[in-house]
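Note that the protein sequences, when read in sequence, are chains A and B. Residue 18 is where the first sequence starts when you use the working numbering, and the numbers rise one by one after that. Residue 8 is where the second sequence starts when you use the working numbering, and the numbers rise one by one after that.
Calculated from the structure, these hints are not laboratory results. For every residue, glycine included, the Cβ atom is placed at its ideal position computed from N, Cα and C. Certain hints may be false.
Simulated pairs of lysine to any residue, SDA-like, Cα-Cα distance not exceeding 20 angstroms [to be verified]: (1) A:Lys135 - B:Val210; (2) A:Lys37 - B:Arg14; (3) A:Lys37 - B:Thr82; (4) B:Lys40 - A:Val164; (5) B:Lys40 - A:Tyr160; (6) A:Lys266 - A:Ala277; (7) A:Lys135 - B:Gly77; (8) A:Lys135 - B:Arg213; (9) B:Lys40 - A:Gly292; (10) B:Lys242 - B:His196; (11) A:Lys135 - B:Ile87; (12) A:Lys175 - A:Val190; (13) A:Lys37 - A:Gly165; (14) B:Lys40 - B:Thr82; (15) A:Lys135 - B:Glu105; (16) A:Lys175 - A:Ile154; (17) A:Lys37 - A:Leu48; (18) A:Lys175 - A:Val164; (19) A:Lys135 - B:Lys40; (20) A:Lys37 - B:Tyr20; (21) A:Lys37 - B:Val130; (22) A:Lys135 - A:Ala277; (23) A:Lys37 - B:Gly77; (24) B:Lys40 - A:His296; (25) A:Lys135 - B:Phe42; (26) A:Lys37 - B:Arg83; (27) B:Lys40 - B:Arg14.
Have a look at the derived ranges for each label pair, beta carbon to beta carbon [what the hints assert, rightly or not]: (28) B:Thr51 - A:Leu161: 14 to 20 angstroms; (29) B:Arg14 - A:Leu179: 54 to 60 angstroms; (30) A:Pro182 - B:Asp144: 36 to 42 angstroms; (31) A:Ala34 - B:Lys242: 46 to 52 angstroms; (32) B:Thr100 - A:Ala34: 38 to 44 angstroms; (33) B:Asp181 - A:Arg287: 26 to 32 angstroms; (34) B:Ala182 - A:Ala34: 42 to 48 angstroms; (35) A:Val90 - B:Val179: 42 to 48 angstroms.
With the Cβ distance kept under 8 angstroms, some of the chain B side facing chain A (calculated, not the full set) [claimed, not checked]: (36) Gly55; (37) Pro80; (38) Thr82; (39) Arg83; (40) Gly84.
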Amino acid sequence: MSIALERDERVVHRYFAGQKTRFLQEWREILQSGHLLYNLVHRDLTVRYKRSILGALWTLLHPLLLTGILVIVFSHIFRFDIEHYEIYLLSGLLPWTFFAQTTVSSMAATAWNGPLMKRVRVPKSIFTLSTTISGLINLAISYLPLVGIMVINGIKFKPAMLFLPVSVAILAVFTFGLSLMLSTISIYFVDVREMFAVALTALMYLTPIIWPLKIVPPRFQQIIQANPLYYFVEMVRIPLHAGIIPSAKLLTVAIVMALASFLFGWLTFRRMSRGFYPHL
Amino acid sequence: MSSIVCRDISVTYPPQKAPSLKEWALRRGNRAKPFQALTDVNLTIEPGEAFGIVGGNGAGKSTLLRVIAGIIPPTRGEVITRGVLAPIIELGTGFDGELSGRENIFFNGSLLGRSRAFMRRCVEEIIDFSGLTEFIDAPLRTYSTGMVARLAFAVATTIDAEIVLLDEVLAVGDASFYDRCEERIRRFHQTGATIVFVSHDLVSVRELCTRAVWIDHGRVVTIGDANEVADAYEKRMHALPAPAVATV
Ligand SMILES: Nc1ncnc2c1ncn2[C@@H]1O[C@H](COP(=O)(O)OP(=O)(O)OP(=O)(O)O)[C@@H](O)[C@H]1O
Ligand SMILES: [Mg+2]
Numbered sequence: 018m019s020i021a022l023e024r025d026e027r028v029v030h031r032y033f034a035g036q037k038t039r040f041l042q043e044w045r046e047i048l049q050s051g052h053l054l055y056n057l058v059h060r061d062l063t064v065r066y067k068r069s070i071l072g073a074l075w076t077l078l079h080p081l082l083l084t085g086i087l088v089i090v091f092s093h094i095f096r097f098d099i100e101h102y103e104i105y106l107l108s109g110l111l112p113w114t115f116f117a118q119t120t121v122s123s124m125a126a127t128a129w130n131g132p133l134m135k136r137v138r139v140p141k142s143i144f145t146l147s148t149t150i151s152g153l154i155n156l157a158i159s160y161l162p163l164v165g166i167m168v169i170n171g172i173k174f175k176p177a178m179l180f181l182p183v184s185v186a187i188l189a190v191f192t193f194g195l196s197l198m199l200s201t202i203s204i205y206f207v208d209v210r211e212m213f214a215v216a217l218t219a220l221m222y223l224t225p226i227i228w229p230l231k232i233v234p235p236r237f238q239q240i241i242q243a244n245p246l247y248y249f250v251e252m253v254r255i256p257l258h259a260g261i262i263p264s265a266k267l268l269t270v271a272i273v274m275a276l277a278s279f280l281f282g283w284l285t286f287r288r289m290s291r292g293f294y295p296h297l
Numbered sequence: 008m009s010s011i012v013c014r015d016i017s018v019t020y021p022p023q024k025a026p027s028l029k030e031w032a033l034r035r036g037n038r039a040k041p042f043q044a045l046t047d048v049n050l051t052i053e054p055g056e057a058f059g060i061v062g063g064n065g066a067g068k069s070t071l072l073r074v075i076a077g078i079i080p081p082t083r084g085e086v087i088t089r090g091v092l093a094p095i096i097e098l099g100t101g102f103d104g105e106l107s108g109r110e111n112i113f114f115n116g117s118l119l120g121r122s123r124a125f126m127r128r129c130v131e132e133i134i135d136f137s138g139l140t141e142f143i144d145a146p147l148r149t150y151s152t153g154m155v156a157r158l159a160f161a162v163a164t165t166i167d168a169e170i171v172l173l174d175e176v177l178a179v180g181d182a183s184f185y186d187r188c189e190e191r192i193r194r195f196h197q198t199g200a201t202i203v204f205v206s207h208d209l210v211s212v213r214e215l216c217t218r219a220v221w222i223d224h225g226r227v228v229t230i231g232d233a234n235e236v237a238d239a240y241e242k243r244m245h246a247l248p249a250p251a252v253a254t255v
């Protein structure tokens, strides 16, 4: 684990009983595994569509099709009173999809790479990190159709829209922390994956993504606001949909939750990752 | 400087897998005892050695390789290795069944910290050595066990890994591949790289290894010259009517 070059210029590793996984050490190992990280992300992005006809086009088509269906259902059948419903919907759906896909795929990636972790020492959080990175790349690509829709609708560019990457970065930290925690725990307890999938479905409907917060009676709005995802979806949506920078209160809540998620994710990982082997 | 040093290594596997939260909660009280797979193993392996590990099924040989590779943390003791370690080459699946043989070569290279540019320079030599030219663009899941082993061995020995850990793979390669491996192992000896080699085939242990260790029920029985260790182990195996399997 401790890597240093000695006089004979060979990499030295030392593993001993009771050794702790240290934060800086883990990150240094990830940096040293840069080529592996690149390959994992590359594999994520290509293997996903390897046996499909349209290939990577799906990344663009998926949000468009989904939005198309939801727009038909909700702007013609239910009718919420929102300006540019399709932009409201898509700008909230994209961060949600990133969150949902990254958490679920991190658990799958960590489990699938069990055979790899049995044959070679790798920093075990690299699978969560690579999944988050490929999720971000997919997210960036799926903003293209949204920009297209905004242009068609004649939305004017506003400087506040440039805040989007900051919002996404805060969301990414939150997602990475939670994913790290979930994928660590799910190595020990496989049913965590199923339980989380159910929770996600429920959460999707409890978060104002398809519907606006204001359709909820005021006394229930507080309950909706107890859901952490509410803040993250709002924070990512506002710069594009409303063209303003999220409020200081919203940002503070989101940043605090992102840091807490990162901290708890890391603590769980540190405590449990050394015992992975018999469970892989 | 030794390339591998194991000091008083012990490994204990936890009692049992708790595959789900539900079972874990239900069985808290009555769990089985932990299993001690290795007990006080001491080893020193020098650069350039081909070192054999022999022992019955369940003796702890694969566990020892994994401790050396830093995959299983020892419960007691410490391991120090010097040099770039190749992934353990063992029977069974390769790294990614969906990727082709060629893509797996690059993937394997990245595990050893090699860049794509570096790998592009030696990919032809690897394919050539593995003898898999015809199949190199087919997905790895279509490969036979021996073909995967060939590919893994070719990668590890072509791109200058300094420590190669082999777990019973030479037995599945055919005679022509075995000869080529033999040549590579001798070359390794000259360049100062180290091979640790688990095998049930005592002939290849005698032929290829300089030294060897015999492990039984997680303990070192004999360590020393490969021929002597093989002799001692053989004598014991034939003295018993059926080879002993460690009880779990
Ligand atoms: N994940 C695990 N959890 C619990 N016990 C394990 C685990 N892996 C191995 N063991 C136990 O550890 C012991 C040593 O296993 P190991 O795989 O090291 O044996 P081996 O010497 O490689 O045997 P073989 O020659 O059959 O490959 C075995 O008795 C096995 O039951
Ligand atoms: Mg074995």
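Quick rundown of the hints versus the structure:
A hinted pair counts as satisfied when its Cα atoms are at most 20 angstroms apart, and Lys135 (chain A) with Val210 (chain B) does not qualify at roughly 28 angstroms. At most 20 angstroms may separate the alpha-carbon atoms for a hinted pair to count; Lys37 (chain A) and Arg14 (chain B) meet this at roughly 19 angstroms. At most 20 angstroms may separate the alpha-carbon atoms for a hinted pair to count; Lys37 (chain A) and Thr82 (chain B) meet this at roughly 13 angstroms. Our distance criterion of 20 angstroms between C-alpha atoms is broken by Lys40 (chain B) and Val164 (chain A), whose separation comes to about 60 angstroms.
For a cut-off of 20 angstroms, the pair hint linking Lys40 (chain B) to Tyr160 (chain A) is broken: about 54 angstroms separates their Cα positions. Between Lys266 (chain A) and Ala277 (chain A) the CA atoms are separated by roughly 17 angstroms; this keeps the pair inside 20 angstroms, and the hint holds. Restraint check for Lys135 (chain A) and Gly77 (chain B): satisfied, since their Cα atoms lie roughly 10 angstroms apart, inside the 20 angstroms limit. Simply put, Lys135 (chain A) and Arg213 (chain B) have alpha-carbon atoms about 28 angstroms apart, too far for the 20 angstroms limit, and the pair is violated.
Using a Cα cut-off of 20 angstroms, the hinted pair Lys40 (chain B) and Gly292 (chain A) holds, with the two alpha carbons roughly 17 angstroms apart. At roughly 29 angstroms between alpha-carbon atoms, Lys242 (chain B) and His196 (chain B) are farther apart than 20 angstroms, so this suggested pair is violated. At roughly 19 angstroms between alpha-carbon atoms, Lys135 (chain A) and Ile87 (chain B) fall within 20 angstroms of each other, so this suggested pair holds. Of the supplied pair hints, the one linking Lys175 (chain A) and Val190 (chain A) is violated, its CA atoms being roughly 26 angstroms apart against a limit of 20 angstroms.
Pair hint Lys37 (chain A) plus Gly165 (chain A) does not hold up; C-alpha atoms about 49 angstroms apart against a cutoff of 20 angstroms. For the given pair, Lys40 (chain B) sits about 15 angstroms from Thr82 (chain B) by alpha-carbon distance, which is consistent with the 20 angstroms threshold. With a C-alpha separation of about 19 angstroms, the suggested pairing of Lys135 (chain A) with Glu105 (chain B) holds against the 20 angstroms cut-off. Taken as a hint, the Lys175 (chain A) and Ile154 (chain A) pair is broken in the structure, with Cα atoms around 24 angstroms apart against an allowance of 20 angstroms.
Between Lys37 (chain A) and Leu48 (chain A), the direct Cα distance comes to roughly 19 angstroms. Compliance with the 20 angstroms bound is thereby established for this hinted pair. A threshold of 20 angstroms between alpha carbons decides the hint, and for Lys175 (chain A) with Val164 (chain A) the separation of about 13 angstroms falls inside it, so the pair holds. For the proposed pair Lys135 (chain A) and Lys40 (chain B), the alpha carbon gap of about 23 angstroms is over 20 angstroms, so the pair is violated. For the given pair, Lys37 (chain A) sits about 18 angstroms from Tyr20 (chain B) by alpha-carbon distance, which is consistent with the 20 angstroms threshold.
Simply put, Lys37 (chain A) and Val130 (chain B) have alpha-carbon atoms about 37 angstroms apart, too far for the 20 angstroms limit, and the pair is violated. Distance check on the hinted pair: Lys135 (chain A) and Ala277 (chain A) sit about 31 angstroms apart at the alpha-carbon level, beyond 20 angstroms; violated. Proximity of Lys37 (chain A) to Gly77 (chain B) is assessed by CA-CA distance (about 13 angstroms); at most 20 angstroms being required, the pair is judged to hold. A threshold of 20 angstroms between alpha carbons decides the hint, and for Lys40 (chain B) with His296 (chain A) the separation of about 16 angstroms falls inside it, so the pair holds.
For the proposed pair Lys135 (chain A) and Phe42 (chain B), the alpha carbon gap of about 19 angstroms is at most 20 angstroms, so the pair holds. A C-alpha spacing of about 14 angstroms is found between Lys37 (chain A) and Arg83 (chain B), which places the hinted pair at or below 20 angstroms, so the restraint holds. For the hint pairing Lys40 (chain B) with Arg14 (chain B), the CA-to-CA distance comes to about 25 angstroms; that exceeds 20 angstroms, so the pair is violated. One distance hint, 14 to 20 angstroms for the beta-carbon pair Thr51 (chain B) and Leu161 (chain A), is violated here, with the actual separation near 59 angstroms.
Distance hint check for Arg14 (chain B) and Leu179 (chain A): the Cβ-Cβ separation is about 57 angstroms, which falls inside the suggested range of 54 to 60 angstroms. Between Pro182 (chain A) and Asp144 (chain B) the Cβ separation comes to about 39 angstroms, which falls inside the hinted range of 36 to 42 angstroms. For the hinted restraint 46 to 52 angstroms between Ala34 (chain A) and Lys242 (chain B), the CB-CB distance of approximately 35 angstroms leaves it violated. Evaluation of the 38 to 44 angstroms hint for Thr100 (chain B) and Ala34 (chain A) yields a failure: the beta carbon distance comes to about 31 angstroms.
At roughly 46 angstroms, the beta-carbon separation of Asp181 (chain B) and Arg287 (chain A) lies outside the given 26 to 32 angstroms, and the hint is violated. For the pair Ala182 (chain B) and Ala34 (chain A), the beta carbons lie near 43 angstroms from each other, so the given range of 42 to 48 angstroms is met. At roughly 57 angstroms, the beta carbons of Val90 (chain A) and Val179 (chain B) sit outside the given window of 42 to 48 angstroms. Interface hint at Gly55 (chain B): violated, since its Cβ lies 13 angstroms from the closest Cβ of chain A, which is beyond the 8 angstroms cut-off.
Checking Pro80 (chain B) against chain A by beta carbon gives a least distance of about 5 angstroms; that is within 8 angstroms, so the hint holds. Proximity of Thr82 (chain B) to chain A holds as hinted, the smallest CB-CB distance being about 6 angstroms (cut-off 8 angstroms). Because the beta carbon of Arg83 (chain B) sits about 5 angstroms from the nearest beta carbon in chain A, less than 8 angstroms, this interface hint is met. Nearest Cβ of chain A to the Cβ of Gly84 (chain B): about 6 angstroms, under the 8 angstroms cut. The hint holds.
The structure is inconsistent with the numbered hints 1, 4, 5, 8, 10, 12, 13, 16, 19, 21, 22, 27, 28, 31, 32, 33, 35 and 36, although it conforms to all the rest.
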